[in-house]
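Whenever a hint applies, use it, and build me the whole structure from the sequences.
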Amino acid sequence: MKKGESNKPNVFMFSAIEGFVSALEEVASKLPYNIYGLQCTEDAPIDSMASMAKFFIAKIKEIQTSGPYNLVGYSFGASVAFETGVALEAAGEKVSLVLLDGSPSYVLTHENAMKNRHSDNKVDHRDAFTYFVLLFKEMDYQVVFEQISTKKTKEEQLEEVVNILSDLPLNKDELKTAAKLFYGKLFVSFYYKPVQKFNGNVTLITAKDNFVSLGPDYGLKPLCKGSLNIHSVSGDHRQIVKGESANSIAQIISSSLVSK
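With the UniProt record's numbering, the residue at position 255 of the sequence shown is 255, and numbering never jumps.
Check each hint, because a few of them may be wrong.
Listed next, with one range per pair, are the computed distances between beta-carbon atoms [to be verified]:
{"id": "1", "residue 1": "Q196", "residue 2": "L168", "range": "32 to 40 Å"}
{"id": "2", "residue 1": "L168", "residue 2": "K30", "range": "23 to 31 Å"}
{"id": "3", "residue 1": "K94", "residue 2": "S29", "range": "24 to 32 Å"}
If you're looking for bench data, these hints aren't it; they were derived computationally from the structure. Here a beta-carbon is modelled for each residue, glycine too, at the ideal position from N, C-alpha and C.
Next comes the structure, spelled out in structure tokens:
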């Protein structure tokens, strides 16, 4: 994303669930460090959060062979960053963890919201595809769900997703790949329950206009052995990585870095 000087710390940023790290570019531009964006590609495993963490650790090690490591995770990326941080700690590394409006429990609020839309409380790939569309466009959930449901096969429904989003400045093949991966990542996150606590300090940055039922700590306190520092910035879940809030986040990240 952004390379500074060789003597500056590296910061590894994990993308939100839609899969494009570009959402964090404004925050990255305000940091005087070497910034590396981590996002799922077609070769990334999406069978479990542990597998994803192992995949990203290998990528991180290609850039930085030993710690300390500075990890930043946004939204769904907060869960991936958390699991990656736990795995790095288990290998004896020192880790700084900054979570932007996300936690392992955060995505469950979206699962419950989707379940509540159906009388049988069941969620399937059509819900995942609908959720994916709504990450990019302000549309009515039921309208999008019904439009996707007019297609019979999953492949046809995937094509309909790309069709709905065709006016976005995104490559259609990349969009299709992202939608496929999104489906897998969404259900991985639904079943993710951390088995180990994070030993180091965690910084959580929440959106003031994002109302979740998890409490101010987003369910993180039971998962952290070190201190949990909570900050709140103006805006909703999407707005916080833009404008003045992006400045605030950059300052908080800078104060949270670990060094040798």
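- Violated hints, by number in ascending order, as checked against the structure: Violated hints: none; all satisfied.
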